[in-house]
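Enquirer: Sequence:
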Amino acid sequence: MEEWEDVKKELLKNEEVAQEYKKLELRYLLISELIKIRLKKGLSQKELAEKIGTKQSAIARVESGNANPSIEFLEKMTKAMDSRLMIHIK
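If you count the sequence shown from 1, you need to add 6 to reach this note's numbering.
Simulated from the structure, these hints should not be mistaken for lab results.
For clarity, every value in this text was computed on a predicted model and none was experimentally measured.
Glycine is no exception: its CB is placed at the ideal position from the N, C-alpha and C atoms.
It cannot be assumed that every hint is accurate.
Simulated DEER-style distance windows between Cβ atoms [to be verified]:
| no. | residue 1 | residue 2 | range |
| --- | --- | --- | --- |
| 1 | Tyr27 | Arg67 | 18 to 24 Å |
| 2 | Leu80 | Leu18 | 23 to 29 Å |
| 3 | Ile77 | Trp10 | 27 to 33 Å |
Straight-line C-alpha distance at most 25 Å; calculated SDA-like pairs for lysine to any residue [what the hints assert, rightly or not]:
| no. | residue 1 | residue 2 |
| --- | --- | --- |
| 4 | Lys15 | Lys47 |
| 5 | Lys52 | Leu35 |
| 6 | Lys28 | Ala73 |
| 7 | Lys46 | Ile93 |
| 8 | Lys96 | Leu35 |
| 9 | Lys28 | Glu69 |
| 10 | Lys15 | Lys42 |
| 11 | Lys61 | Tyr34 |
| 12 | Lys29 | Lys61 |
| 13 | Lys52 | Glu39 |
| 14 | Lys52 | Ile77 |
| 15 | Lys82 | Ser63 |
| 16 | Lys82 | Glu69 |
| 17 | Lys96 | Ala66 |
| 18 | Lys52 | Phe79 |
| 19 | Lys29 | Leu18 |
| 20 | Lys47 | Ala24 |
| 21 | Lys82 | Gly71 |
| 22 | Lys61 | Leu35 |
| 23 | Lys47 | Lys19 |
| 24 | Lys61 | Arg90 |
| 25 | Lys82 | Ile93 |
| 26 | Lys47 | Asn74 |
| 27 | Lys52 | Glu78 |
| 28 | Lys42 | Gly71 |
| 29 | Lys96 | Arg67 |
| 30 | Lys42 | Thr60 |
| 31 | Lys82 | Ser50 |
| 32 | Lys29 | Lys47 |
| 33 | Lys96 | Leu80 |
| 34 | Lys57 | Arg67 |
| 35 | Lys47 | Leu32 |
| 36 | Lys14 | Leu32 |
| 37 | Lys82 | Asn20 |
Sequences are here, hints too, so could you generate the full structure?
Expert: Structural data, given as structure tokens:
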């Protein structure tokens with residue numbers, strides 16, 4: 007089975023795919039980081055949801071990219087995982 011990076015490299019050779027990837031890259035980078043931190047902390051989606059007073063389905067929507075969470079919600083998530091949300095503009 008091919009590694010994701012190999013598959014991604016091949017897909018990005020297509021200009022249309024590359025343009026769409028560029029548009030969504032930041033969103034999916036954030037989602038990947040949130041999932042990585044949650045798993046590193048040993049939390050399930052349900053446990054994280056309970057810590058911030060929401061439902062598991064809200065966490066699932068954020069992690070699947072099917073939600074556009076507010077900065078406040080992202081701050082709650084990261085704080086509950088003993089992390090910090092940082093936004094930089096260059």
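Enquirer: State for each hint whether it applies.
Expert: Hint-by-hint comparison with the structure:
1. Tyr27 - Arg67: 18 to 24 Å: Between Tyr27 and Arg67, where Cβ atoms are some 21 Å apart, the hint holds.
2. Leu80 - Leu18: 23 to 29 Å: holds, 27 Å
3. Ile77 - Trp10: 27 to 33 Å: Holds, at about 29 Å.
4. Lys15 - Lys47: Violated, at about 30 Å.
5. Lys52 - Leu35: holds, 22 Å
6. Lys28 - Ala73: holds, 19 Å
7. Lys46 - Ile93: holds, 21 Å
8. Lys96 - Leu35: holds, 17 Å
9. Lys28 - Glu69: holds, 19 Å
10. Lys15 - Lys42: holds, 22 Å
11. Lys61 - Tyr34: Holds, because 21 Å separates the two Cα atoms, which is no more than 25 Å.
12. Lys29 - Lys61: Roughly 29 Å between the alpha carbons, so the hint for Lys29 and Lys61 is violated.
13. Lys52 - Glu39: Distance ~18 Å between Lys52 and Glu39 Cα, so the pair holds.
14. Lys52 - Ile77: holds, 20 Å
15. Lys82 - Ser63: Holds, because 16 Å separates the two Cα atoms, which is no more than 25 Å.
16. Lys82 - Glu69: With Cα atoms ~14 Å apart, Lys82 and Glu69 stay inside 25 Å; holds.
17. Lys96 - Ala66: violated, 30 Å
18. Lys52 - Phe79: holds, 15 Å
19. Lys29 - Leu18: holds, 13 Å
20. Lys47 - Ala24: Cα-Cα ~33 Å, so violated.
21. Lys82 - Gly71: holds, 17 Å
22. Lys61 - Leu35: holds, 23 Å
23. Lys47 - Lys19: violated, 36 Å
24. Lys61 - Arg90: holds, 21 Å
25. Lys82 - Ile93: holds, 15 Å
26. Lys47 - Asn74: holds, 23 Å
27. Lys52 - Glu78: holds, 19 Å
28. Lys42 - Gly71: Satisfied, since the Cα-Cα distance of roughly 15 Å is no more than 25 Å.
29. Lys96 - Arg67: violated, 29 Å
30. Lys42 - Thr60: holds, 20 Å
31. Lys82 - Ser50: At roughly 16 Å apart (the allowed maximum being 25 Å), Ser50 and Lys82 satisfy the hint.
32. Lys29 - Lys47: violated, 29 Å
33. Lys96 - Leu80: holds, 21 Å
34. Lys57 - Arg67: holds, 17 Å
35. Lys47 - Leu32: Holds: Lys47 and Leu32 sit about 23 Å apart, inside 25 Å.
36. Lys14 - Leu32: Holds: Lys14 and Leu32 sit about 16 Å apart, inside 25 Å.
37. Lys82 - Asn20: violated, 38 Å
The structure is inconsistent with the numbered hints 4, 12, 17, 20, 23, 29, 32 and 37, although it conforms to all the rest.
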